[in-house]
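Q: Okay, here's what each chain looks like letter by letter:
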Amino acid sequence: MLIRRPSDILPSEITPREVYFNRRQWMAGAAGLALAAALPRGLEAAPLQAAKSPFSTDEKLTSREDVTSYNNFYEFGTGKDDPAAKAKSLKTSPWTVKVDGMVGKPAEFALEDIIKSSALEERIYRMRCVEGWSMVIPWVGFPLADLIKRVEPLGSAKYVAFETAYRPEEMPGMDTVFPVLEWPYVEGLRLDEAMNPLTLLAVGLYGETLPNQNGAPIRLVVPWKYGFKGIKSITRISFVDKQPATSWNKQAPGEYGFYANVNPGVDHPRWSQATERRIGEGGLFVKRRPTLMFNGYAEQVASLYTGMDLRKLY
Amino acid sequence: MAGRASATGAPKGVTLPQVPKILVYIVGFIPAVWLFYAGITDQLGADPMRYLEQALGLWALRFLIATLAVTPLRQLLSINLLRYRRAIGLLAFYYAALHLITYLVLDQGLDMAAIVADIIKRPYITIGMATFVILVPLAITSNNAAIRRMGGQAWAKLHKLVFVAAIGAVLHFILVVKSWPPEPLVYAAIVAVLLGYRLVRSLVKKPSPRRRPA
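Sequence lines, in order, name chains A and B. For the first sequence, the working numbering assigns the number 1 to the initial residue and increments by one for each residue that follows. For the second sequence, the working numbering assigns the number 1 to the initial residue and increments by one for each residue that follows.
Be aware that one or more of the hints could be misleading.
[Stated by the list, open to error] Using 25 Å as the maximum straight-line C-alpha spacing, the simulated DMTMM-like pairs for lysine to aspartate or glutamate come out as follows: (1) B/Lys-121 to A/Asp-175; (2) A/Lys-80 to B/Glu-183; (3) A/Lys-91 to A/Asp-175; (4) A/Lys-287 to B/Asp-111; (5) A/Lys-60 to B/Asp-42; (6) B/Lys-178 to A/Glu-255; (7) A/Lys-287 to B/Glu-183; (8) A/Lys-287 to B/Asp-47; (9) A/Lys-80 to B/Glu-53; (10) A/Lys-287 to B/Asp-118; (11) A/Lys-86 to B/Asp-42.
It is worth saying that the hints were derived from the structure and are not from the lab.
Please model the complete structure; the sequences and the hints are all you need to start from.
A: Written out as structure tokens, the structure reads:
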């Protein structure tokens, strides 16, 4: 992924200065990546080269510490600190993503191949959790559309279904008396939502490969939808003709819809969605800020939903 | 706060060394002091306000459960903590009040429109608020003067409301979370056992009143 022909290199892709001045550290990191590839699991974060994106927000980033310690990843427990504490047991290397269903070229991609053949970008997105808090996260990834074009979906394909790894032995939160969700975690998008340039397959954050608690090694990021749509640790992507089942919708259909677009006008039945708390802003004395329609991405995505009653199709 | 009336029950069974009641308050307030200190010094994680709010609510529930445990401990294990029950019950009230203040001031920023809408529209807030309202008269009458003024029987009857408060508190907890995580269910089970014990005992006791009133 790091080796490119000169003509491929955009000015914005040139090694950032802080990396350049820390090349000793950077080389140690690259060596770590090579080493990690040789080991059965890749626990160490490795640096990723990524171009800047016009889709990035210039809002203040949520600290790396907060982004990587405050997570919802129920396969590792329902506590916000459970994923950071327990997700180390997930083996993310080797990793393959199976792409099947209504496609001309079904495939089983090795993660390295996906990353190598993609032009990685840094996308700084707002992330709004359905629970009423938000972050600003510098993801590293590539548009899902790039992968979709590669597998050539058939005309009959109308939706894309995603599946998280099902590994109870590596995911301690799955092994509970009352399962909090039906496993594996599944999510889905309409094909046009999946093709939207904002929709990202992320493989890193803060310039490095994804920490396990954030959905390593590859996850979905759909910034205009509530965070739970961003399925983590993806092992399968299927193209289907009917709206696929989604985990939270199965758990509580009256509370979590298939679309799950961020919408301050449509409350969760048990709490308001009109405002949110930005993590890291103000500490104990955090001020709520108004939640924006489509999480502030209306310009790019509102047209996907013209004519739809978003009150019913929440 | 509830159960048999006057706190003059002669200590029977296990005699525990008596400690001053003020010590119960001092120890009981340690979590609150620690939480506020940790919150102000940024030690409560990424979402300190939410952590503080939830932790205070959880302590309120724990102290409420502790008051409900006093009677079964005495009847089943002859451990008499009756002397401290008022302090424990008042701690539950103080923590519930701190939990509510955190919600009103830090969470909602005293946005009265949002708060009123929450109370009306959100069942878990409605129940939480109702639970607090129930605790208020119990806290106000948690003193000897009130027992004298009301008479033991009326006082005991009023304080049976603590059972309703306990049910309200666990419902409030279960309704705020997504899905069915274990923690609120464990607390609900404990409350169910403590209330179920009283129900069973009242049914069993009636036909054969073998025991003298304590």
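Q: Sort out whether B/Asp-42 lies within 25 Å of A/Lys-86, counting only the CA atoms.
A: The given pair, whose Cα atoms are some 23 Å apart, holds under the 25 Å limit.
Q: Can you confirm whether the C-alpha distance between A/Lys-60 and B/Asp-42 stays at or below 25 Å?
A: Within the cut-off at roughly 19 Å; holds.
Q: Is A/Lys-91 close enough to A/Asp-175, meaning Cα to Cα at most 25 Å?
A: holds, 17 Å
Q: Can the restraint linking B/Lys-121 and A/Asp-175 be considered satisfied, given a maximum Cα separation of 25 Å?
A: The hint is violated at about 35 Å.
Q: Would the pair A/Lys-287 and B/Asp-118 pass a check requiring their Cα atoms to be no farther apart than 25 Å?
A: holds, 17 Å
Q: So if I understand the rule, the pair passes when the alpha-carbon distance is 25 Å or less; does A/Lys-287 with B/Glu-183 pass?
A: violated, 28 Å
Q: Is the straight-line distance between the alpha-carbon of B/Lys-178 and that of A/Glu-255 25 Å or less?
A: holds, 10 Å
Q: Checking one constraint from the list: CA of A/Lys-287 to CA of B/Asp-111, max 25 Å. Satisfied?
A: holds, 11 Å
Q: Checking one constraint from the list: CA of A/Lys-80 to CA of B/Glu-53, max 25 Å. Satisfied?
A: holds, 15 Å
Q: Sort out whether B/Asp-47 lies within 25 Å of A/Lys-287, counting only the CA atoms.
A: Holds, at roughly 12 Å.
Q: Against the 25 Å threshold, does the CA-CA distance of A/Lys-80 and B/Glu-183 hold or violate the hint?
A: holds, 13 Å
Hint compliance for this structure: hints 1 and 7 are not met, and every other hint is.
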